[in-house]
Amino acid sequence: MLGLPEEFTPDFLARLEHLRIKTRREFEGLGRGTHLSPRRGSSLEFSDFRHYALGDDFRFIDWGLYGRTDKLYIKLFKEEEDLLTYIFLDASASMGLPEADRKFAMAVATALAFAYVALGQGDRVMVRVMAGDGKASTPGFLYGRHRIVELAQRLGAIRPAGQLDLATALARELVSVRRAGKVFVISDYLMMINSVTRGLGLFTAANMDVTAVQILGGSEMAGAGLAGDLELVDAESGERVMASIGNREREQYRQTLARLSREIRTFCLRRGLHYTLYTTDLNFHDFFLRASADFGLRH
Amino acid sequence: MGFLNPGALYYLLALIPALALAYLVRERPRRVLVSSVLAFRALRAPRGRRLGGWPRPDWMFFVEMLIIGLAVLAIARPYVTRKGHPIAVVLDDSAAMQAAAAPGRTRFDTARAALKDALGREGPGEVSLYLTAPQPHRAGPPFASAADAAAALAQLHPVDAPSDQAALGALLSELASDLRLRRVLYAGARPLAAPVPARIEAFAAGDPLPNYAIGSFVLRRESLGQAALHARLTIANFSPVAQTLHLAITGDGKPVGHAQAHLEPGQIGAIEFPNLAPAGVYRAELTPADGFALDNTAWATAGAVKSISILFVTPTPADAAGLDGLSGISVRVASPTSFSPTDLASADLAIFEYAVPKQMPSVNTLLVMPPPGDPIFGFNVQPASSVEITGWPPTGPLTDSVNFRLLNLRGGEYLGEHPWLQAIVTGSGGALILAGERSGHRIVALGFNPFPYLGRQNLPMSVLTLNSLSYLAGFGAETAGYHTGDSWIVPAGVDAIVAPDGKKSDVTSGMLFTGANFQGLYQFISTNGAKSLRAVNLANLRVSDLENTPSMKVEASGSGKLAEVAPRRAPIAADFILAIVALVILEALIAYRRRRPVVTV
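Going down the list, the protein sequences come from chains A and B.
Quick note: the first sequence uses the numbering used here, first residue 1, plus one each step.
Quick note: the second sequence uses the numbering used here, first residue 1, plus one each step.
Hints in this document: simulated from the structure, not taken from any laboratory.
What you were told as hints is all true, and nothing was included just to trick you.
Chain B side only, calculated, beta carbon under 10 Å to chain A, not exhaustive:
#1 Arg30
#2 Arg31
#3 Leu33
#4 Ser35
#5 Ser36
#6 Val37
#7 Arg41
#8 Ala42
C-beta atoms are modelled at their ideal positions from N, C-alpha and C, and glycine is treated no differently.
Given these sequences and hints, build the entire structure.
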């Protein structure tokens, strides 16, 4: 599609049209929308009763209750508002490796898919890019489906670079968050588990509904191409590790990587966060549509 | 095994510490940029870096060590010592060996089988293999064993050329006199006359065989201007009974002549075909068939009697008129000022009228009234207002059929004495026609001008002109053609020669070509892509006479006792080099299997 990554075929966009963001709690929005808000409003969803006060609309008096109690009560309903959706995208150097795995491209595609779903249902979307060599973070909320192309162009101009401390970066971003809402954090999470838990914990502490999406490369997961005596250099920290890699060591590496992912998943499940792992050797369309429930999306 | 250059082994001593050092140092770890080293931290450090760890064994290293070691040994020029008296095997591979010895079996097959049997009975020792045609020669270096020589025999085939009997006899005598040789095995068409030297074991290949043969096939144009060609073939009946032989000639695949002759036993006859239709290639076929098919066929090409291209260099182009009307002649006219020696490349002969070239011409040349004082020919010219012929030879290629008494000459010049041209026709004041050869080309100089050619209007002059041109074009002289086994000087401008079997040889002009060992048509390919053919035939009735093969006398000198043979050193450096090449290929294969792309993880 024009302006969108190649993954966004007409068929995929049509499938995204049917998805809605589901939150585990209600959030106040900035305008009218389709999500139930804790505010009282005019939806059909009953919220509470209160005593009648002068000037209240007679139509909302619960006459049945008046018959039983001989007192006038007004029925209160919930308000339906838009959802504030925050997407945090890791653009640190590790997201660019291995190049063949296209981790960052897939992360951008995932972020755009979330944004498209949110914008399509009339929600507001704020995309924040952590690290990277471009300034593609949207200064405020995006509103309206047409903004997706602009967003795609901004994200497409970013190249993964720099080092990222997730906890520090998310703490800094939390300052710019005006109201609670739905949060997507997209990263490879190849960092110390403490940094991950502290970073994600900040948002849960702020009453946000968080979905953590971990994106790893297919060959990265398999440790393909690594053999012999190697000097391994960390793309972000520059740390060097000497290793002699054979089949046994490669298997050990895979198990370590799988354990790191498992630890993040366990943390998310315990803290009530959504968690999904995507390896880039899988078909993006299949993955996204199949994992929509794990993302916190619903049909 | 020993070494001719053992000093080179010191390299090996110097090599050992270098190899050991290279092995211990090992290659530097490959640097790989990864997304995170988090999952690698728990992996072990390289084995070589761990204290007390053994270096990783690497097949590549051992292969390389072996290659270097073999290279040093090859530099040391290794050899093995071979003892024992060698054997010489002489196999006749001449044309006569193609004759049938039995149904489906040639004399060559019989001879080869006899030699293989004889070799199988011999003990260890080197075997030198000699072939006889076209000249006796050794076929490569000596073979290490009789089995190797027997295997090499299986790859040989007879050629279409005869062998030089005198040279073969000399070779056998030399081998029989060589006291180092344990035995000389000879198998050939020609039997050895008694007494045969004790060291020679001879196998006569084949019994006398009735045979009919074509001895020669000569084509010629009898005179300039005649389109039809004259063919003359000699045929022979080498059988014990009189036989009528049929001869059929095809020109470019079409029948152009047929004749027959009845020949008595041993008789040789000739058949003439005076008017053969023009064609490029002629093939003669003799019937009935016999056991030696090679001499029942002969080839000839019309290349030698093709249209003659004349370059006429003259200040008066009108003088060239009239020659064009002659059959088989094409004339190109050039002025002396525009003439360049390269113009002669496409000419068969040149005529210089009132002019001489500045360098010796590369074709046969007719000089008409050459100017005096040129540095190339140096004619001593005496101009005369009228010249008179006083002497001429009664016969000769230039003067045949010329009625000099009726030859009316106007003005001219006497050419005087010449250092290398002979006076053919003389006048009162000196020579009027000179002829001779220089640098392989015929030169004729005339002191009068026979041009323009007037045909029957001036018959004596016209006959003299045609005689001169025929002499220069090579007419009138019968040649026996080209025979298998003959060497040729490669003609000018020829870059490659394609043999009848399709094998192409790159050649240069002037070199000696020795590959004409097979009967048939050889194609000459010129620099400009032009192609011409040359016919090569066995054309040797002595070879074709399979009924009466004279025996060959071989004489051995010396006592006949075997001489003490010193152990011979046979170099085996070539084997080492072969092993090195094989190991390099093996290493390349290992490297290819181990290749992996540079990765970033």
